[in-house]
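S.K.: Each chain, letter by letter, is given below.
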Amino acid sequence: MEIGLLSFIIFLPLVVSFVLLLLPVGMKVTRNIAFATTLVVFLFSLKIFFEFQLTDYMQFREFHPWITSYGIYYSLGVDGFSMIILMLITTLIPLGYLFLWKTKKSKGYWASMLLIQTGVTGALLSLDLILFYFFWESMLLPVFMIIGIYGTGNRIFSTLKITIYTIMGSLFMLVSILYLGVHFYQEFGVWSFQLSDLVQITTLSNTQRTFLFFGFMIAFAIKIPIFPFHTWLMQTYSNAPTGGVFILSSIMAKLGIYGIVRFVLPLFPHQYVEFAPYFVGIGVFGLIYFGIAALMQQNIKRMFAYSSASHLAFITAGIFSLNAYGMTGAAFLIVAHAMATGGLFLLVGTIEHDLGIRSISGLGGIAKKAPYLTVAFAMMLLCIVGLPGTNGFVSELLIVMGLFQYSHVVGIISATTVLVAASFMFWMFQRAILVDTGNDISGMKDLDIKEIVGIFSLAAIIVAMGVYPHWFLYKIEPTIQHYLIDILKVGVAS
Amino acid sequence: MIEVSFMSYILLAIILFSIGIVGVISRKNIFIIYMSLELMLNSINLILVSLSRYFGSMDGQIIAMMVMAIAAAEAVVFLSLIVSLYRLKHSINIDDYNSLKQKGIL
Amino acid sequence: MSSNFLSWIVLIPLFSSILLGAMYLYSISVKKIADRYFTFFALLAPMASFFIGFLFFLGLLNGNGEYIYEPYTWLGVNGYIISMGFLGDKLSIFMVLFVTFIGSMIHIYASGYMKGDDGYGKFFSYFNLFMASMLLLVLANSPIIMFIGWEGVGLCSYLLIGFYFTEPLNVVAGNKAFIANRVGDLGFLVGIVYLFFYVGKLGFDYGALEDYVSIVPNHILVIIGISLFIGAMGKSAQIPLYVWLPDAMAGPTPVSALIHAATMVTAGVYMVARFHFLYDLIPHVGVFIAYIGAFSSLFAAIIAMKQTDIKKILAYSTISQLGYMFIAVGLGAYSTGLFHVFTHAFFKALLFMGAGAVIIALHHEQNIFKMGGLRKKIPLIYSVMLVGTLAISGIPPFSGFFSKDEVLLKAYNHNEYLIYGIGLFTAGLTAYYMFRLFFVTFEGKNYKERKMQNISWSMKAPLVILAIGAAFAGFVGFPKIFGGANLIDSWLEAWSGAPTHIEFSADIMLMSVSVLAGLIGISVAYFKFFKYDFNQDIKESGLVYNKFYIDEIIDFLIVRRMRDLSTFVAVVIDDGFIDKTVMSLSNGFINLGRRVGRMQSANTRAYAFFMLVGLSSFSIYLILKLGK
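Protein chains in written order, with the working numbering: chain A, 1 to 494; chain B, 1 to 106; chain C, 1 to 628.
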């Protein structure tokens, strides 16, 4: 059987991971091979990026029978929206590996990291709902192990909390998926869980659709997380090891957003529009709420957790703004935020590596000791704050514009995003990095050459996307227009 | 003279069975429980026999005979179990036989 | 001159900044690089930009209308396109010229001022980044691209205020500046978004905006005008967002001269002038702006009267002078406002750099009451400071006189007598506090003798050049009424607003009154401070000295309340309520499990009982169900 490009990208890390686990090799070999694997995956994803056609169709389709008696197919494909997230994943992970290089973990850590990559790319690319569910849950398993085995603090509790919480949410989604499948069978007489088939269901009543809509939404809302399902986030982020929190914050949270756009929007366009005001409201509320909560956090990772939640709420508001500005901005902020937050968590990871876990008041004076780290930290921070010239600004501008078109008042309130992150981020930067507080930081070392390469490549991408956003955005424009015009408008009209 | 009808046998069987159940549930002495169990068994036998008579078929009587035979065999096993249990626990109180009880959950 | 060179005006300082930054990082981590290499690249950039700007100036002189260069589409969503565009018209080239000229001077000065500092390379990296951002702000052909520069200068301001970042106070001042600016930027952003949705879809460059702005309903225009002006309030330090500027003096003095006096803070004025087509349609908002300007100028002047830190006095005087500029642009006389921007850049940069020289000479002493008698020690600084002080006090024929007088004239001519009165009064106050500073610093008696540090030629040369500028720059805008040409007005003809109609005699009278106000201020200062006795104690208290406790009020009302709210949200709502709810749900399941588990009591008789109950209920069900 011929192996497609997408399958290759998904399963290469899995295969490598199993082979490495079975072979009697040490941690270093595992790490190096894992890094090489992610690089190979990155190169193949570049091929997708450059061969990507400017249309709204699913491209690079793969379609094989899997469990044919129930119409479950192994079905993959990529469109503009998933392409940009795929690029994000494949670029970010090798850069992150450069930072995790010096972590003294066993080889299971690296094998788990590879497994996560399979899970997230698989969930990203699958077009069959059962296949999606399979990958969606499978990415939790390595996360469970990474936090539980390699975490710090109350790690067992944290890993149980995230796992059970998200699985509980996913169960609602599973029920909804099965319900849709059964309903499709009743209507058409054949089994299918293909997204493109399930959207054709016409006989569902509005009440049924609403229930199913929330079944899906609760799974994604917990994963993102949307207020008030966010409390696992803070505990998990502060106890997870650097690699885990890096993946969680920069990639897995974004898949929740992706899931809403990929599945909820085409399946329930009417409900999507009907409940959009609530989600916009929750999003904008969350933006400010989490921003305020972040202000007084003492643990840096906890503060970033709140900051992430704030931005993710903003992205959620963006995708429910029902227009091209908000949607494009959300797609762009997914990338911008993943890079900046991922970078920040990696940098905090190196600080923790050198100094141990400390509260913000226990740090200070790092700038003098580690100028490269400080410059990188500042650049990531400026992206989070949304400074023009970084991709953070472009995305925030677009989302504000989208929300403004949705409603002037909401748009103006959401413009406070320029203040929210700035207020706590700069204060934290002052206390933790810049000002000499007299704390003992003699163990602090500056970034080594690998880390410099990793973080400054990230910074270069951030700036490039901020200076010339159109070059990155025009590829997803047809997809977004397709969502808005072909799916949303048609769906609402019917 | 009281007329002995078919229902009387059934009623007697039910009474015997109920006495057996109450004995099993409420008594702690394992011998009494055993006796109650036998009582229940015999009440079933009574039903089998009377139904057999009522329907004019021998099946019920055959089953009752088999039950009695098995009950005899069972009594051997049961009594030997009680003896070994007594050796283990030095008690014939059934509440002391709780080795499978979980001590604290989670 | 091909218009794509416009981008190089911005790119040269940008590349210089990146190069210097990389060199600096290399220098501190690998191998030391000598300062002179930094100096070379640092000074090259603004001068090259000035040179290119000058070529464009010549092109415009030769009758070219405007240069537009749009290298690429910056953003295109929904079919609407925002281009990365540069616009070189008379206004922006005017700004480019004076920004790069003053910038070059201050770069030279800074190369002396910062000599031997550990962060020499970093300083110039930030400085050139600032130049790039400022020039992008000026040359942008679209409000959004302008916003990039707008925030860029804010960032550089933050970086340079907190230049010596190990000191908490500096970083706090930097944060304050950034946040206050961000409050303004919030307004600016809202203005941009409004503008985009009401007219920008037809094209989001200034040309198109100017053509189509009339289709915007009037009340929306008012919202846009005020929102954009909130941005200007932040950047140009007007009431109520002025609080950051005095604290921003924590940065090295060249920073104060370049960013917090001459260039960045005038961005707000430039922005209003750039949007003149919009503000022309809403004159009442303009009057509001003028009033804000007037009150800011008065308020800052009052505070300046009691300050003792030489840089703080100059900072408040900057706020005050910016107020004058907003009076002019608010009343539609954009060219007059820009004229004041122009002259102010000269004399305020001069004053700051002179103050910096004094500070350096006295080994970083900033309190004027610990100076005194410096006239004989540093005569050159003394004379240039005198020129600057006379210029800001509005004494003819120094530059400040012409521009300030024209601002007051416009106010008078618009029948805004209250603004005129405030402006006139403030002019007197300005003369008073500036000469207070001057006399206390350079004259006085019984001052402490002290050892002076040498001031290098690289600091002196720009001072002299700027002093010449401060003295004579005013003649560029020599009033027509005296037979002058007023080159500013004719150059910025499109921005000069309604022509003034005023009698020659009335004009002479107004001028005399304002000169008189200045002279009164000077004389009061002379009697109080010329022979100031340094033996007496300085009174450092009182409402005015403490800046009306505005900082404390803000701290109490906003900052502390926000922190309380944050704690409340994070601890009480998040941990105490939401997480508790989630955890009680999961604990509920655990407890349920415990309860059910308790049935597994190892009590055989209980099992038997359960069996009895279960079987009987099942039988009863069957009997009832099947018995029918």
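Because the hints were derived from the structure by calculation, they are not lab data.
Note that the coordinates shown come from a computational prediction; the quantities given were computed from them, not determined experimentally.
The C-beta atom is built at its ideal place from N, Cα and C for all residues, glycine as well.
Do not rely on the hints blindly, as some may be mistaken.
[Said to hold, decoys possible] Going by beta-carbon spacing under 8 Å, a handful of chain A positions derived as facing chain C:
{"no.": "1", "residue": "Met58"}
{"no.": "2", "residue": "Ile292"}
{"no.": "3", "residue": "Gln297"}
{"no.": "4", "residue": "Ala324"}
{"no.": "5", "residue": "Leu387"}
{"no.": "6", "residue": "Ile412"}
{"no.": "7", "residue": "Ala415"}
{"no.": "8", "residue": "Asp446"}
{"no.": "9", "residue": "His470"}
{"no.": "10", "residue": "Leu473"}
S.K.: None of the hints should be skipped; say for each whether it holds.
M.R.: A quick look at each hint next to the structure:
Below 8 Å, beta-carbon pairs count as interface contacts, and Met58(A) has none with chain C, the closest being about 22 Å; its hint is therefore violated. At a threshold of 8 Å, the smallest CB-CB gap from Ile292(A) to chain C is about 5 Å, leaving the interface hint in force. The restraint placing Gln297(A) at the interface with chain C holds, with a minimum CB-CB distance near 7 Å, inside the 8 Å limit. Taking 8 Å as the C-beta cut-off, the interface hint given for Ala324(A) holds, the closest approach to chain C being about 4 Å.
For Leu387(A), the suggested interface contact is upheld, since its CB lies about 6 Å from the closest CB of chain C, less than 8 Å. Because the closest C-beta pair between Ile412(A) and chain C is about 5 Å apart, less than 8 Å, the hint holds. The beta carbon of Ala415(A) is positioned within 8 Å of a beta carbon in chain C (closest approach about 5 Å), and the interface hint is therefore held. This hint holds: Asp446(A) has a C-beta 7 Å from the nearest C-beta of chain C, less than the 8 Å allowed.
Restraint check, His470(A) versus chain C: the minimum CB separation of about 5 Å is within 8 Å; hint holds. Annotation: Leu473(A) was flagged as interfacial toward chain C, and the flag holds, the nearest CB pair being 7 Å apart, inside 8 Å.
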